[in-house]
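So the working numbering is basically just the index in the sequence shown, starting at one, shifted up by 1299.
Simulated from the structure, these hints should not be mistaken for lab results. Just so it is clear, CB atoms sit at the ideal spot from N, CA and C, and this is done for glycine as well. Heads up, a few of these hints could be off.
[Unchecked claim] Lysine to aspartate or glutamate pairs mimicking DMTMM-like chemistry, simulated, CA-CA at most 25 angstroms apart: (1) K1394 with E1384; (2) K1335 with E1316; (3) K1374 with E1362; (4) K1334 with E1316; (5) K1377 with E1355; (6) K1374 with E1355; (7) K1377 with E1392; (8) K1357 with E1384; (9) K1338 with E1316; (10) K1374 with E1384.
[To be verified] Label pairs and their in silico Cβ distance ranges: (11) L1339 with E1384: 46 to 56 angstroms; (12) K1335 with Q1358: 23 to 33 angstroms; (13) H1331 with A1361: 47 to 57 angstroms; (14) S1344 with E1316: 32 to 42 angstroms.
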Amino acid sequence: MSDDETSAGRSKPLAFEVAAVGEGGESLIKRHPPKKFQKLEEQQSSDTNITQELLEEKQAIAERRRKQILSQRVKSAKNTSARSEQARARVAESKEVDQNDDGPIESAKLISHDNGI
1300 MSDDETSAGR SKPLAFEVAA VGEGGESLIK RHPPKKFQKL EEQQSSDTNI TQELLEEKQA
1360 IAERRRKQIL SQRVKSAKNT SARSEQARAR VAESKEVDQN DDGPIESAKL ISHDNGI
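Let the hints inform the model, and build the full structure from the sequences given.
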């Protein structure tokens, strides 16, 4: 039995130390970041010039857009309501016309049906 083997015939376990940081004290990801991170860093560096005026302008634009969308929704709701009211009026009118005009037609139908025609 060699010095590297235990009494059971297996090798002794080995342990390795792995450094968490690379040679320059930087991690591998910091030295070679993925392209997605590179783009985000570029974007963040260009966005640091945000001022109070710019924020207020963007907020005003968003508020105008919100009001425009709300007015479109109100207009659409009014149009839908008007159309449904017109449809209800037409249905009520057609029921009224049907009740008033069926007299002679119904009697003619009954006569022709009774005669076998």
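Hint check:
| no. | hint | result |
| --- | --- | --- |
| 1 | K1394 with E1384 | holds (15 angstroms) |
| 2 | K1335 with E1316 | violated (31 angstroms) |
| 3 | K1374 with E1362 | holds (18 angstroms) |
| 4 | K1334 with E1316 | violated (30 angstroms) |
| 5 | K1377 with E1355 | violated (33 angstroms) |
| 6 | K1374 with E1355 | violated (29 angstroms) |
| 7 | K1377 with E1392 | holds (22 angstroms) |
| 8 | K1357 with E1384 | violated (41 angstroms) |
| 9 | K1338 with E1316 | violated (34 angstroms) |
| 10 | K1374 with E1384 | holds (15 angstroms) |
| 11 | L1339 with E1384: 46 to 56 angstroms | holds (54 angstroms) |
| 12 | K1335 with Q1358: 23 to 33 angstroms | holds (29 angstroms) |
| 13 | H1331 with A1361: 47 to 57 angstroms | violated (39 angstroms) |
| 14 | S1344 with E1316: 32 to 42 angstroms | holds (37 angstroms) |
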